[in-house]
Amino acid sequence: MSDAPSAYQPPPVAIHPAGHGHTPHHPYLQHHFDNMEQQAEASTLGMWVFLVTEIMFFGGLFMAYLVYRWQAPLGFQEASHHLNIYWGAANTAILIVSSLTMAFAVRAAQTSQPARKQVFWLVSTMVFGAAFLGIKAIEYSDKFKDHIIPGPDFVWHGLYPKPAEQFYSLYFAMTGLHALHMVIGLGIMSVITWMAWRKTFDNEYYTPVEVAGLYWHFVDIVWIFLFPLLYLIGRHYHAAA
Amino acid sequence: METTAPPLNYLNNGHTIASWLLTKDHKRIALLYLVSITFFFFLGGFFALLVRLELLTPAADLLEPDMYNRMFTMHGIVMVFFFLIPSIPAVLGNFLIPIMIGAKDLAFPRINLLSWYIYVLGGIFTILAALLGGVDTGWTFYAPYSTSASNSNVLLAGVGIFITGFSSILTGLNFIVTVHRMRAPGLTWFRLPLFVWAHYATSLIMILGTPVIAITVLLVAVERAFHLGIFDPALGGDPVLFQHLFWFYSHPAVYIMILPAMGVVAELVQAFSRKNIFGYTFVAFSSLAIAIIGFLVWGHHLFVAGQSTYAGLVFSIISFFVAIPSAVKVFNWTATMYKGSVSWDSPMLYAFGFIGLFSIGGLTGLFLATLGMDIHMHDTYFIIAHFHYVMVGGAIFGYLGGMHYWWPKITGRMYPEGWAKFAALNVFVGFNLTFFPQFIVGYLGMPRRYAMYAPEFQIYNVLSTAGATILGVGYLIPMIYFAWSLKNAPLAGDNPWGARGLEWEIPSPPPTENFPATPIVTEGTHQYAPSREVGIV
Amino acid sequence: MFTNFPFFPQQASEQAATIDALYFFLVAVTAFFTLLIAVLVAVFAVKFRRKHDTEVGVAIHGSLALELLWTFIPLGICMVMFVWGAQVFFHMTRAPRGAMEIHVVGKQWMWKAQHMDGAREINELHVPIGKPVKLIMGSEDVIHSFSIPDFRVKADVIPGRYNTMWFTASKPGKYHIFCTQYCGTKHSAMIGTVTAMEPADYQVWLSGGSAGGTLAEAGQKLFTDLSCNTCHMENAQGRGPVLKGLYGKQVLLASGQTVTMDDAYIRESVLNPQAKVVAGFQPIMPTFQGLVTEEQLLQIIAYVKSLK
Amino acid sequence: MSGHVAPKSMYYGVFGALMVGTALTVAAAFVDMGALNNVVMLAIAITKALLVILFFMHVRWSTRLTWVVAASGFFWLLILFGLTMQDYLTRGWVDGTWR
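Residue numbers (the working numbering), protein chains in the order written: chain A, 118 to 358; chain B, 137 to 673; chain C, 6 to 313; chain D, 96 to 194.
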């Protein structure tokens with residue numbers, strides 16, 4: 118009841134080994150981890166948990182898409198028809214190729230291949246990523262020229278102007294957020310490439326490549342869903358008409 | 137007081153400003169959070185004070201209605217996003233989780249520091265929004281008012297909340313990975329302190345829910361800035377969709393606020409009864425159950441919002457299900473005291489208060505889950521009273537109890553126990569006087585967010601404001617004696633309470649590395665007496 | 006100073022008593038469990054108060070029987086609450102057939118009501134007692150919520166759609182109308198009075214209020230003024246569907262779906278005609294967004310409804 | 096430490112399957128199958144996503160925890176979609192209600 122600390126001291130719940138008793142450290146082992154295995158597992162788990170948050174982040178947009186498409190299916194089909202399916206398909210293919218090169222980059226590090234091989238795969242991934250963004254930029258500028266950027270200047274000559282504007286709001290929100298993720302991905306890749314160039318990665322330590330790869334593949338998966346949901350829904354409607 | 141140089145600990149290991157602002161030590165980051173969160177708590181309290189003073193009379197005489205609207209909005213935003221959500225996890229969780237699991241730090245120390253900077257950045261945007269005139273949408277940002285009608289600083293505040301969300305996500309991510317991957321040898325899941333279980337469950341909500349509010353707030357901001365038709369029906373949008381997305385996060389978010397407090401109370405009840413928890417597995421799993429079922433109930437905020445009747449029924453019944461694990465916790469905490477050695481130290485007083493007030497808060501939640509009842513009570517002061525019983529009577533009581541319990545560990549100093557008891561009593565009385573009348577005035581029909589109200593509601597508002605004054609004093613007292621204790625109070629020693637747990641086996645304040653070497657855990661938490669099996673687990 | 010010290014709102018509608026009964030049940034459960042916990046905590050705290058500094062508690066690990074007990078008893082009580090609450094709710098959401106309809110429009114910061122025979126009022130609502138009244142409510146700007154505490158009813162009023170609620174007033178008198186969904190600066194001034202009157206008094210009041218004919222007549226005038234009748238003709242020659250007798254029926258759409266011709270569909274068709282085009286017609290109708298107010302929309306709906 | 100190293104041929108195989116899936120989904124989009132279009136489109140997309148997750152992201156060889164984490168993301172997404180849509184899809188089911 119007083120300020121005096123309790124005299125009672127319960128027995129400890131843990132054995133405390135005296136001092137540091139470890140084997141020599143790997144140079145990339147951070148001090149608060151016990152070993153490389155724990156460090157690698159923590160990093161990959163961390164990235165997976167982060168990707169779960171990313172799923173939910175995009176999920177809010179997909180939710181909005183679902184509700185508005187359900188409310189105005191014809192309007193969405195009509196609006197979707199004004200997207201260029203060939204650019205969309207090309208971009209899908211490009212992203213899949215970049216995923217393959219990314220997977221090979223991870224594999225190159227995993228199997229201790231020489232730095233220039235790792236760098237080759239990483240740079241290839243970045244080139245395809247940049248190509249994707251380039252095509253996206255062409256598509257955006259087409260939309261700009263056609264005045265189908267939502268907002269006060271939105272011009273729609275076809276049917277269902279309201280749902281069409283809503284479709285394009287979602288189109289720009291979803292592909293814009295995806296493109297932002299691509300840009301961030303390119304930034305991460307630049308760092309990883311630089312690290313690979315400095316001969317950082319081998320079969321003992323390749324977690325950064327692997328974790329960056331997880332992120333890159335995730336961005337690919339988002340596009341795998343965006344492509345059909347945005348580009349393909351209007352096709353059979355017009356094919357039938 | 138000290139004559140010899142004190143041993144090296146996390147506090148005296150570096151005194152430069154950089155050694156604090158660039159620290160990767162989870163304990164120092166916890167203190168950074170403590171300072172910033174305390175600031176936001178008193179900022180939010182200041183807004184609450186103005187709100188309560190304005191409500192002393194039925195007319196809008198102290199504040200114009202417009203100013204009143206900004207005040208309650210800022211009170212909500214600051215308290216929810218900048219105090220309640222980060223409070224216990226970012227301060228006590230950050231400080232204690234690595235120690236409780238026998239680790240040197242969280243899995244990602246740099247991300248931990250980053251999360252604090254993100255929090256501060258979000259806070260700056262919000263303060264800026266307040267300084268430039270505030271926001272008048274309510275913390276709920278309902279569209280289309282927020283997207284089209286309001287002419288206050290919705291964008292700035294939205295950006296602030298968006299940014300702060302990432303701080304919460306990163307904290308949750310860090311905790312989850314830490315608990316999975318950093319536990320000391322021998323520390324199995326069912327030997328984990330219940331505080332850790334509660335934070336694990338909280339972290340699940342943080343990472344699964346927060347991204348949805350982030351994208352929702354972003355959409356509001358985009359709609360406001362570019363006039364896109366996402367939520368405003370005049371532009372073709374659907375305002376009810378906003379409510380679905382908003383509450384998908386914001387209902388689970390109330391469990392982000394209360395679950396860590398439940399974890400604290402589980403520790404307090406065990407330590408101050410010198411007895412292991414009654415029904416460990418039930419208490420541990422009830423945290424997970426609350427976190428998971430909590431994601432399925434958000435539609436009870438939409439009972440009068442034009443949701444379908446069928447959806448109303450579904451959300452209502454699941455809302456009742458989420459009450460059960462909370463009830464299980466309350467009964468188990470109470471049962472833990474049975475045949476314990478119960479001390480009445482100030483942290484335990486907060487635990488007593490928590491159990492009682494949370495019971496009222498939880499039980500009045502059942503009124504709101506009951507479909508026919510909620511129609512009348514929706515958006516009245518009954519709801520205000522209900523969630524303040526959970527948020528203040530629950531979350532803040534847990535936070536204060538935890539601060540008093542672990543203060544000796546954090547700072548190495550005791551605080552004046554007499555004053556602490558007085559403050560606890562003060563907070564309890566002030567709190568009940570503030571919020572109990574609101575149940576009655578709510579059932580009478582007084583709507584929330586009213587600057588002016590019908591004269592027959594005045595008596596209850598006068599009581600409320602009087603209580604709030606007492607409550608405010610109750611909050612200031614601990615501030616003073618905690619600050620005073622830093623230099624003047626007696627040293628605490630490693631284990632002032634005679635409690636059992638890894639955190640009590642290391643020096644106070646703990647050394648930077650927490651443990652000289654990774655400990656090997658041999659027992660579960662809070663096993664005081666030699667095990668004498670009574671009943672089954 | 007305070008002449009009023011009420012604990013309960015008045016019971017001024019037929020629903021009020023059923024809701025209060027549910028309330029008392031919930032209060033009783035809350036009081037019982039709160040007291041139970043408080044007493045247990047107090048008794049344990051006193052009885053098992055620490056006697057000396059080295060005392061420790063007895064190791065008790067739990068009891069499955071007790072856990073099951075305090076899981077399933079609360080669950081049972083909760084299910085009683087759920088079923089009871091759901092019953093009350095079902096009753097509250099389904100207006101009886103033949104309920105008297107009144108149109109209500111919320112806008113920042115006032116309530117406008119239109120009675121079927123044309124009487125209009127602002128921040129006031131006159132209703133007869135003993136007769137079910139159904140409010141069909143829309144908003145011109147943001148979300149509002151129409152609440153009459155003494156009747157225990159409330160529903161959000163949402164722009165872009167109609168919400169309904171119903172009640173049967175039971176006691177003559179004047180009662181508060183509150184807007185309970187935050188709607189901006191003068192949210193707390195968006196209040197009004199509902200006056201419940203004997204049916205005979207209500208008839209007297211109505212006859213004093215209507216100058217411009219019934220709501221349907223006002224709608225018919227709009228229908229002509231806006232040239233709706235040039236396409237929606239009385240015979241099948243028009244470019245738009247014949248509206249006569251269509252209300253409440255299922256309509257086949259060009260997309261192959263069907264939709265019920267109700268208030269919401271009429272509203273959508275006026276404001277966003279191309280969203281759901283009736284099968285066999287071209288999507289040529291122009292939008293009337295911005296040309297008709299929410300009140301006028303409700304008049305048009307009343308007119309279309311009257312085309313039997 | 097070193098995780099599972101898959102042969103290059105496997106990556107090429109998965110890559111081929113992804114490309115074929117893309118071609119199929121574009122081709123299917125031009126055939127009018129009514130409501131089935133959506134089903135086919137989404138089925139292909141989900142298959143492609145699963146291929147990426149299982150093979151490119153190495154979940155096939157990962158711990159059970161990784162499986163649980165990856166699955167929980169999609170599960171929570173279904174909670175969001177499911178409980179929101181059960182409101183929209185059931186509007187007007189009960190006579191005289193809101194809509």
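For the record, the hints were derived by calculation from the structure and aren't laboratory data.
Note that CB positions come from ideal geometry on N, CA and C, so glycine has one too.
Just so you know, not all the hints are guaranteed correct.
Derived EDC-like pairs: lysine to aspartate or glutamate, alpha-carbon spacing no greater than 16 Å straight-line [said to hold, decoys possible]: (1) K191(C) with D202(B); (2) K191(C) with E592(B); (3) K179(C) with E592(B); (4) K313(C) with E203(C); (5) K475(B) with E60(C); (6) K279(A) with E222(C).
Example chain A residues on the side facing chain B (calculated, C-beta under 10 Å, incomplete) [as the list claims (entries may be wrong)]: (7) A124; (8) L162; (9) L178; (10) M180; (11) H198; (12) P231.
>> Please verify whether K179(C) and E592(B) have alpha carbons no more than 16 Å apart.
In response: Holds. K179(C) to E592(B) sits at ~14 Å (cutoff 16 Å).
> With 10 Å as the cut and Cβ atoms as the points, is H198(A) at the interface with chain B?
Replying inline: violated, 19 Å
>> Holds or violated: K191(C) and E592(B), Cα atoms, limit 16 Å.
In response: violated, 20 Å
>> Using the nearest Cβ pair, does A124(A) come within less than 10 Å of chain B?
In response: holds, 8 Å
>> Checking one constraint from the list: CA of K313(C) to CA of E203(C), max 16 Å. Satisfied?
In response: violated, 31 Å
>> Hinted pair, alpha-carbon criterion (16 Å max): K475(B), E60(C). Please report holds or violated.
In response: holds, 11 Å
> Is the shortest C-beta separation between L178(A) and chain B less than 10 Å?
Replying inline: holds, 6 Å
> CA of K191(C) to CA of D202(B), is that 16 Å or under?
Replying inline: Between K191(C) and D202(B) the Cα gap is close to 7 Å, so the pair holds against 16 Å.
>> Less than 10 Å between beta-carbons is the criterion; does M180(A) satisfy it with respect to chain B?
In response: The hint holds - M180(A) has a Cβ within 10 Å of chain B, the shortest such distance being about 6 Å.
>> Under 10 Å is the threshold here; is the Cβ of P231(A) close enough to any Cβ of chain B for the hint to stand?
In response: With Cβ-Cβ at 30 Å, over 10 Å, it is violated.
>> Between the alpha carbons of K279(A) and E222(C), is the straight-line distance 16 Å or under?
In response: violated, 31 Å
> Does the nearest C-beta of chain B fall within a distance shorter than 10 Å of the C-beta of L162(A)?
Replying inline: holds, 5 Å
Taken one by one, the earlier hints fail for this structure at numbers 2, 4, 6, 11 and 12, listed in ascending order.
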